[in-house]
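When you get a sec, could you build the whole thing from the sequences and use the hints?
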Amino acid sequence: GDSVTQMEGPVTLSEEAFLTINCTYTATGYPSLFWYVQYPGEGLQLLLKATKADDKGSNKGFEATYRKETTSFHLEKGSVQVSDSAVYFCALSGNGANNLFFGTGTRLTVIP
Amino acid sequence: DAGVTQSPTHLIKTRGQHVTLRCSPISGHKSVSWYQQVLGQGPQFIFQYYEKEERGRGNFPDRFSARQFPNYSSELNVNALLLGDSALYLCASSLGVSGLGELFFGEGSRLTVL
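Residue numbers (my numbering), protein chains in the order written: chain A, 1 to 112; chain B, 1 to 114.
Hints are computed from structural coordinates only; laboratory data are not their basis.
Predicted, not measured: the structure shown is a model, and the values here were computed from it.
Be aware that a few hints might be false.
To be verified - Listed below are the simulated DMTMM-like cross-link pairs for lysine to aspartate or glutamate, each with C-alpha atoms no more than 25 Å apart in a straight line: (1) K77/A / E102/B; (2) K52/A / E42/A; (3) K52/A / E75/B; (4) K56/A / E102/B; (5) K68/A / E42/A; (6) K60/A / E102/B; (7) K30/B / E107/B; (8) K68/A / E15/A; (9) K68/A / D2/A; (10) K30/B / E42/A; (11) K60/A / E15/A; (12) K56/A / E16/A; (13) K77/A / E8/A; (14) K30/B / E75/B; (15) K52/A / E15/A; (16) K60/A / E8/A; (17) K60/A / E42/A; (18) K52/B / E75/B; (19) K68/A / E102/B; (20) K60/A / E107/B; (21) K68/A / D54/A.
To be verified - Over 12 Å on every C-beta distance to chain B, these chain A residues come out as not near it, computed from the model: (22) A17; (23) T24; (24) S32; (25) Q38; (26) E42; (27) K49; (28) R67; (29) Q81; (30) N98; (31) L100; (32) T104.
Idealized CB from N, CA, C, for every residue including glycine.
Listed below in structure tokens is the structure:
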């Protein structure tokens, strides 16, 4: 079945460091891929998405590219800020499906 | 505009009891989905409702049920509670039924079963 494997955390970085959070997936057909973020005390919110191979999703300085050949959707940011501290979830929506499969989440802490 | 609102925010029940969780979607959203998030795990899909009809069901036992009302709000019911039902229950709304659309999540109802 469809599934997402996400890099385990927690991850602690200094401000302005480069961030990569790995995500790989297993799915039949052509899933859509998402990164959701959960800031402290807030609900999950969509960070970015990509709906087909080679698409790049981007938002708030974060980027992720849909790589079908490696079944990956790694999240990257060139220079993290303290305000980026949150839990990040990789997710997929199967071909034509109406629900999301989430990874286990990666907690990022950015220290000044 | 109000986001997705859920109630109650926290509750404690004992094994064997029943619980009802409520969700109000963003105005104009006709789809409501429920997810269970166990501590340290990602959310798991329970149900999706669209226009008051069930459109999807995850791998959860029949003790879990839900419904959607004419105003698109929704209830999640869990009967015969087990310790393993302790989790954060998330409601999400969206404009349409497709998985391509953005889901807007509430802050969740944290259920503790003793």
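Now for the hints, and whether the structure bears them out:
no.: 1; hint: K77/A / E102/B; verdict: 22 Å, holds
no.: 2; hint: K52/A / E42/A; verdict: 29 Å, violated
no.: 3; hint: K52/A / E75/B; verdict: 34 Å, violated
no.: 4; hint: K56/A / E102/B; verdict: 16 Å, holds
no.: 5; hint: K68/A / E42/A; verdict: 32 Å, violated
no.: 6; hint: K60/A / E102/B; verdict: 17 Å, holds
no.: 7; hint: K30/B / E107/B; verdict: 19 Å, holds
no.: 8; hint: K68/A / E15/A; verdict: 32 Å, violated
no.: 9; hint: K68/A / D2/A; verdict: 14 Å, holds
no.: 10; hint: K30/B / E42/A; verdict: 22 Å, holds
no.: 11; hint: K60/A / E15/A; verdict: 15 Å, holds
no.: 12; hint: K56/A / E16/A; verdict: 22 Å, holds
no.: 13; hint: K77/A / E8/A; verdict: 17 Å, holds
no.: 14; hint: K30/B / E75/B; verdict: 14 Å, holds
no.: 15; hint: K52/A / E15/A; verdict: 32 Å, violated
no.: 16; hint: K60/A / E8/A; verdict: 23 Å, holds
no.: 17; hint: K60/A / E42/A; verdict: 17 Å, holds
no.: 18; hint: K52/B / E75/B; verdict: 11 Å, holds
no.: 19; hint: K68/A / E102/B; verdict: 22 Å, holds
no.: 20; hint: K60/A / E107/B; verdict: 22 Å, holds
no.: 21; hint: K68/A / D54/A; verdict: 7 Å, holds
no.: 22; hint: A17; verdict: 25 Å, holds
no.: 23; hint: T24; verdict: 14 Å, holds
no.: 24; hint: S32; verdict: 5 Å, violated
no.: 25; hint: Q38; verdict: 8 Å, violated
no.: 26; hint: E42; verdict: 7 Å, violated
no.: 27; hint: K49; verdict: 8 Å, violated
no.: 28; hint: R67; verdict: 19 Å, holds
no.: 29; hint: Q81; verdict: 23 Å, holds
no.: 30; hint: N98; verdict: 5 Å, violated
no.: 31; hint: L100; verdict: 7 Å, violated
no.: 32; hint: T104; verdict: 5 Å, violated
Checked against the numbered hints listed earlier, the structure breaks hints 2, 3, 5, 8, 15, 24, 25, 26, 27, 30, 31, 32; every other hint is satisfied.
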